[in-house]
Amino acid sequence: MSALRAVPEPERNPVDAVLDLAPDVAEPGAGAIAGLDPRTDPESLTLCALMWSTDIAAAVRVTGALVPADFAEPAYAELFTVIADLVIRGQPHDPASVAAVLHRAGGGQRDAPLRRALADVVTADSAGSSAAVHYAGIVLSQSYRRSFHIVGRRIMQAAKQGPEDELFDYMVELGRQQRAAWQRLDTFRFGDVIA
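Quick note on my numbering: the sequence shown kicks off at -9 and runs consecutively.
Hints are not guaranteed to be accurate.
[What the hints assert, rightly or not] Straight-line Cα separation of at most 20 Å, SDA-like style, residue types lysine to any residue; simulated pairs:
hint : residue 1 : residue 2
1    : Lys150    : Tyr160
2    : Lys150    : Gln132
3    : Lys150    : Glu163
4    : Lys150    : Phe138
5    : Lys150    : Leu164
6    : Lys150    : Val162
7    : Lys150    : His139
8    : Lys150    : Ile140
9    : Lys150    : Gly165
These are calculated hints, taken from the structure and not from any lab test.
Computed from a predicted structure; not experimentally measured.
Between the sequences and the hints, there should be enough to build the whole structure, so can you do that?
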């Protein structure tokens, strides 16, 4: 085989070859179906570590720093909400307690993806209760990067549909939101010491 034969034909190259570093947004409840392995997914591992954690200070730090929107997987965001509520109320936030909250809330077949996500998360086998802070930092980092993807789409949409005299102010506002997101991530990583 010659070197030239290894080069694809021009018509086989994508017309608009843009490097897409942002992950695709998963469909609601897709989880493992979308190819996420709970044993390697930082969102799953964060939730797993939180539920098995006996370190209350770490659990409070993680649930105080993360918000449901930081989770790309909607079922994980919902599980996080349940866990965070238990932590805030000072109640046990172990897998049985989380399952009990879901059971009391009812939902039946509608909550099947949520119960499946809980089973995946519980068995994700995080590295222990001390890992919750570590994995939460990864979740925050991924959320921060996803936010740039979203901002990029908003700027493109504004460029197509927005009034010219408002475009710059809109971009500045989005930039402020991104700076606040960076400061939130930086504060979580390094505490109150921000350069």
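Now for the hints, and whether the structure bears them out:
1. Lys150 x Tyr160: holds (13 Å)
2. Lys150 x Gln132: violated (28 Å)
3. Lys150 x Glu163: holds (18 Å)
4. Lys150 x Phe138: holds (18 Å)
5. Lys150 x Leu164: holds (16 Å)
6. Lys150 x Val162: holds (17 Å)
7. Lys150 x His139: Roughly 17 Å between the alpha carbons, so the hint for Lys150 and His139 holds.
8. Lys150 x Ile140: holds (16 Å)
9. Lys150 x Gly165: holds (19 Å)
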